[in-house]
Amino acid sequence: MFDFFDMEYASFVYSAFVIFFIVIGICTKSALDLNKNYMKTIRIILNELEAKK
Amino acid sequence: MSVGMLLLLFGVINGLYFAPPDYQQSDAFRIIYVHVPAAYISMMTYSLMAVASVIGLIWRIKIAFAFTSSAASLGAWFTFLALVTGSIWGRPMWGTWWEWGDPRLTSELLMLFLYLGYMALRASINDTQKADKLSSIFILVGAINVPIIHYSVEWWSSLHQTSTLLKLDGPSIATSMLIPLMATIIGTMFYFISLLLIRVRAEVIFRNRRSKWVKDLILESKHV
Amino acid sequence: MNSFKELSMWNGFKKMIYRDLLNSTKNLSQLMNPLLLFILISASFPFAINMDENQLIMIGPGVIWIIAILSFLLTLNNLYKDDMEDGSLDYILLSAQPLPILTLAKIFAHWLLSGLPLVLLCPFVSIFYQLSIEVSMLLSLTLLIGTLALSLIGSIGASLTISSQNNTTLLSLLVLPITIPILIFGAKTVVLYQNGHTSLTGLYLIGAYCMFALSFSPFVSAASLRIGSN
Numbered sequence: 001m002f003d004f005f006d007m008e009y010a011s012f013v014y015s016a017f018v019i020f021f022i023v024i025g026i027c028t029k030s031a032l033d034l035n036k037n038y039m040k041t042i043r044i045i046l047n048e049l050e051a052k053k
Numbered sequence: 054m055s056v057g058m059l060l061l062l063f064g065v066i067n068g069l070y071f072a073p074p075d076y077q078q079s080d081a082f083r084i085i086y087v088h089v090p091a092a093y094i095s096m097m098t099y100s101l102m103a104v105a106s107v108i109g110l111i112w113r114i115k116i117a118f119a120f121t122s123s124a125a126s127l128g129a130w131f132t133f134l135a136l137v138t139g140s141i142w143g144r145p146m147w148g149t150w151w152e153w154g155d156p157r158l159t160s161e162l163l164m165l166f167l168y169l170g171y172m173a174l175r176a177s178i179n180d181t182q183k184a185d186k187l188s189s190i191f192i193l194v195g196a197i198n199v200p201i202i203h204y205s206v207e208w209w210s211s212l213h214q215t216s217t218l219l220k221l222d223g224p225s226i227a228t229s230m231l232i233p234l235m236a237t238i239i240g241t242m243f244y245f246i247s248l249l250l251i252r253v254r255a256e257v258i259f260r261n262r263r264s265k266w267v268k269d270l271i272l273e274s275k276h277v
Numbered sequence: 278m279n280s281f282k283e284l285s286m287w288n289g290f291k292k293m294i295y296r297d298l299l300n301s302t303k304n305l306s307q308l309m310n311p312l313l314l315f316i317l318i319s320a321s322f323p324f325a326i327n328m329d330e331n332q333l334i335m336i337g338p339g340v341i342w343i344i345a346i347l348s349f350l351l352t353l354n355n356l357y358k359d360d361m362e363d364g365s366l367d368y369i370l371l372s373a374q375p376l377p378i379l380t381l382a383k384i385f386a387h388w389l390l391s392g393l394p395l396v397l398l399c400p401f402v403s404i405f406y407q408l409s410i411e412v413s414m415l416l417s418l419t420l421l422i423g424t425l426a427l428s429l430i431g432s433i434g435a436s437l438t439i440s441s442q443n444n445t446t447l448l449s450l451l452v453l454p455i456t457i458p459i460l461i462f463g464a465k466t467v468v469l470y471q472n473g474h475t476s477l478t479g480l481y482l483i484g485a486y487c488m489f490a491l492s493f494s495p496f497v498s499a500a501s502l503r504i505g506s507n
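Residue numbers (this note's numbering), protein chains in the order written: chain A, 1 to 53; chain B, 54 to 277; chain C, 278 to 507.
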């Protein structure tokens, strides 16, 4: 485990992995945010429907 | 959603599997563990979107359109990832960040444009039904790109190597490198499916927001 | 029995082409603008690089092809959008003729009006790039078939975006990725010829792409028009 940074082209490999996980993080965040936003909108609509009754 | 989170965790643990085993050449080769899953998923989502578009257009099943629109931005990100990781890998191996002569690179770039075009077309049309159908037609027109990407390494001479995994007489890659690779591929796929399911679920709920079952669903559960 | 002859597909095809050609004569300046743009951009390009003659000859075909595609994309709105705006698209959709025939007629008329002038201008524009006569003739030939393919592919994009506002850039965004193969074939043919190879293979490829586009484009455009305009 001690030769992590002794690989040739270490910077390339690590930057690739970092970018991979960054993009994965972005996707996860966007999906969860989408969920939250949709739920907010639906709650608003439902409240309006309730209020109209 | 909790099932999705579980799958996510599974995927991440699998994905980190690549670290322990040791290799003959501990070179920039390791980028394969992120590049191949990303590329594989980018092509898979486009095929899924094409199939879903066909289902939506011919059989008029509305969920298919929700599926297509949810898969689009995920697919675009993974295509971007495939291109970027491939480019980073290419720099030490082939000496260049980008190579115009390689057909797989150009057709993958084309696929990114197709995804972006789909999302732009969808966003520009106000009526949801029209937007669904028209953008599905667009996906189908561009669907011929997927076989082009896949078979481009066989048809033309290219810097990429031909497929080493799905050959008829077993994979021709060393087993010690194969296991982490399969792990990352499957792990990323699980991760992708869980994200996709979260999005499709949200999309379907949103599209039917005025219907009774949605109201019951939301009112019954405080935390969705 | 004259009515049967009137309902024939060939008659419908002919009449549609006539109609489009006549309509465009009312607004000839609209047709001139992209052509002028073509000439202007092609002329400006050598200023951006350092105008070495050999360099110009090398990049000439590709650059002319790209500028042709870009100025052609500007004309694509004339296919369906104008008809939609003045309401005649609804009549076209309601007609007794099969819609793919009519879209094919419109594409063909559009090619005559916007593609052919580009082809005719091409020899003059290639003077800017110091191309020899044979090369510029070959370039024009590739553009001839190429603009037909562009009309076909562009009509798919145009029909998909009729219901969007301000769709010029969106249209270009949608159509350009699909036209990249023909750009490659067209420019490569001329470059290969410049390097001494035969031009036939390239021409066959362009022709094949054009036939391929011909086989599905009218149908896809017809379907998109029906969906997009109700």
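Check the hints yourself; a few may be wrong.
Derived lysine-lysine pairs resembling DSBU-like cross-links, with alpha carbons at most 30 Å apart [unchecked claim]:
id: 1; chain 1: A; residue 1: K52; chain 2: B; residue 2: K268
id: 2; chain 1: B; residue 1: K115; chain 2: A; residue 2: K29
id: 3; chain 1: B; residue 1: K115; chain 2: B; residue 2: K183
id: 4; chain 1: B; residue 1: K183; chain 2: A; residue 2: K40
id: 5; chain 1: B; residue 1: K183; chain 2: A; residue 2: K36
id: 6; chain 1: B; residue 1: K265; chain 2: B; residue 2: K115
id: 7; chain 1: A; residue 1: K36; chain 2: A; residue 2: K52
id: 8; chain 1: B; residue 1: K183; chain 2: A; residue 2: K29
id: 9; chain 1: B; residue 1: K183; chain 2: B; residue 2: K265
id: 10; chain 1: A; residue 1: K40; chain 2: B; residue 2: K268
id: 11; chain 1: A; residue 1: K29; chain 2: B; residue 2: K268
id: 12; chain 1: B; residue 1: K115; chain 2: B; residue 2: K268
id: 13; chain 1: A; residue 1: K52; chain 2: B; residue 2: K265
id: 14; chain 1: B; residue 1: K265; chain 2: A; residue 2: K36
id: 15; chain 1: C; residue 1: K291; chain 2: C; residue 2: K303
id: 16; chain 1: B; residue 1: K115; chain 2: A; residue 2: K40
id: 17; chain 1: B; residue 1: K268; chain 2: B; residue 2: K183
id: 18; chain 1: C; residue 1: K291; chain 2: C; residue 2: K358
id: 19; chain 1: A; residue 1: K36; chain 2: B; residue 2: K115
id: 20; chain 1: A; residue 1: K40; chain 2: A; residue 2: K29
id: 21; chain 1: B; residue 1: K183; chain 2: C; residue 2: K465
id: 22; chain 1: C; residue 1: K465; chain 2: C; residue 2: K358
id: 23; chain 1: B; residue 1: K115; chain 2: C; residue 2: K291
id: 24; chain 1: B; residue 1: K265; chain 2: A; residue 2: K40
id: 25; chain 1: A; residue 1: K52; chain 2: A; residue 2: K40
id: 26; chain 1: C; residue 1: K303; chain 2: C; residue 2: K292
id: 27; chain 1: B; residue 1: K268; chain 2: A; residue 2: K36
id: 28; chain 1: C; residue 1: K303; chain 2: C; residue 2: K358
Source of the hints: derived by calculation from the structure; they are not laboratory data.
Here is how each hint holds up against the structure:
Of the pairs offered as hints, the one joining A:K52 and B:K268 holds, with about 15 Å between alpha carbons and a cut-off of 30 Å not exceeded. Taking the CA atoms of B:K115 and A:K29, the gap is about 26 Å. The hint holds against a cut of 30 Å. Under the criterion of a C-alpha separation no larger than 30 Å, the hint pairing B:K115 with B:K183 is consistent with the structure, at around 12 Å. Restraint check for B:K183 and A:K40: satisfied, since their Cα atoms lie roughly 26 Å apart, inside the 30 Å limit.
With a C-alpha separation of about 26 Å, the suggested pairing of B:K183 with A:K36 holds against the 30 Å cut-off. Between the alpha carbons of B:K265 and B:K115 the distance comes to roughly 17 Å, so the proposed pair stays at or under 30 Å and holds. In summary, the hint linking A:K36 to A:K52 is supported, as the alpha carbons are separated by about 24 Å, within the 30 Å threshold. As the CA atoms of B:K183 and A:K29 are separated by approximately 29 Å, the hinted pair is consistent with the 30 Å bound.
For the proposed pair B:K183 and B:K265, the alpha carbon gap of about 24 Å is at most 30 Å, so the pair holds. Taking the CA atoms of A:K40 and B:K268, the gap is near 13 Å; set against the 30 Å cutoff, the hint holds. With a C-alpha separation of about 26 Å, the suggested pair A:K29 and B:K268 falls inside the 30 Å cut-off, and the hint holds. Taking the CA atoms of B:K115 and B:K268, the gap is about 19 Å. The hint holds against a cut of 30 Å.
Under the criterion of a C-alpha separation no larger than 30 Å, the hint pairing A:K52 with B:K265 is consistent with the structure, at around 16 Å. Our distance criterion of 30 Å between C-alpha atoms is met by B:K265 and A:K36, whose separation comes to about 20 Å. Taking the CA atoms of C:K291 and C:K303, the gap is near 19 Å; set against the 30 Å cutoff, the hint holds. A threshold of 30 Å between alpha carbons decides the hint, and for B:K115 with A:K40 the separation of about 23 Å falls inside it, so the pair holds.
Taking the CA atoms of B:K268 and B:K183, the gap is about 26 Å. The hint holds against a cut of 30 Å. A hinted pair counts as satisfied when its Cα atoms are at most 30 Å apart, and C:K291 with C:K358 qualifies at roughly 21 Å. Between the alpha carbons of A:K36 and B:K115 the distance comes to roughly 23 Å, so the proposed pair stays at or under 30 Å and holds. Annotation: proposed proximity of A:K40 to A:K29 holds, straight-line Cα distance about 16 Å (limit 30 Å).
Restraint check for B:K183 and C:K465: the C-alpha separation of about 39 Å exceeds 30 Å, so the hint is violated. Pair hint C:K465 plus C:K358 does not hold up; C-alpha atoms about 33 Å apart against a cutoff of 30 Å. Distance hint between B:K115 and C:K291 is unfulfilled; the C-alpha atoms sit about 40 Å from each other, more than 30 Å. Under the criterion of a C-alpha separation no larger than 30 Å, the hint pairing B:K265 with A:K40 is consistent with the structure, at around 17 Å.
Restraint check for A:K52 and A:K40: the C-alpha separation of about 18 Å stays at or below 30 Å, so the hint holds. About 17 Å separates the Cα atoms of C:K303 and C:K292, which keeps this hinted pair within 30 Å; it holds. With a C-alpha separation of about 16 Å, the suggested pairing of B:K268 with A:K36 holds against the 30 Å cut-off. Simply put, C:K303 and C:K358 have alpha-carbon atoms about 16 Å apart, close enough for the 30 Å limit, and the pair holds.
In the structure shown, a violation is registered for the earlier hints numbered 21, 22, 23, in ascending order.
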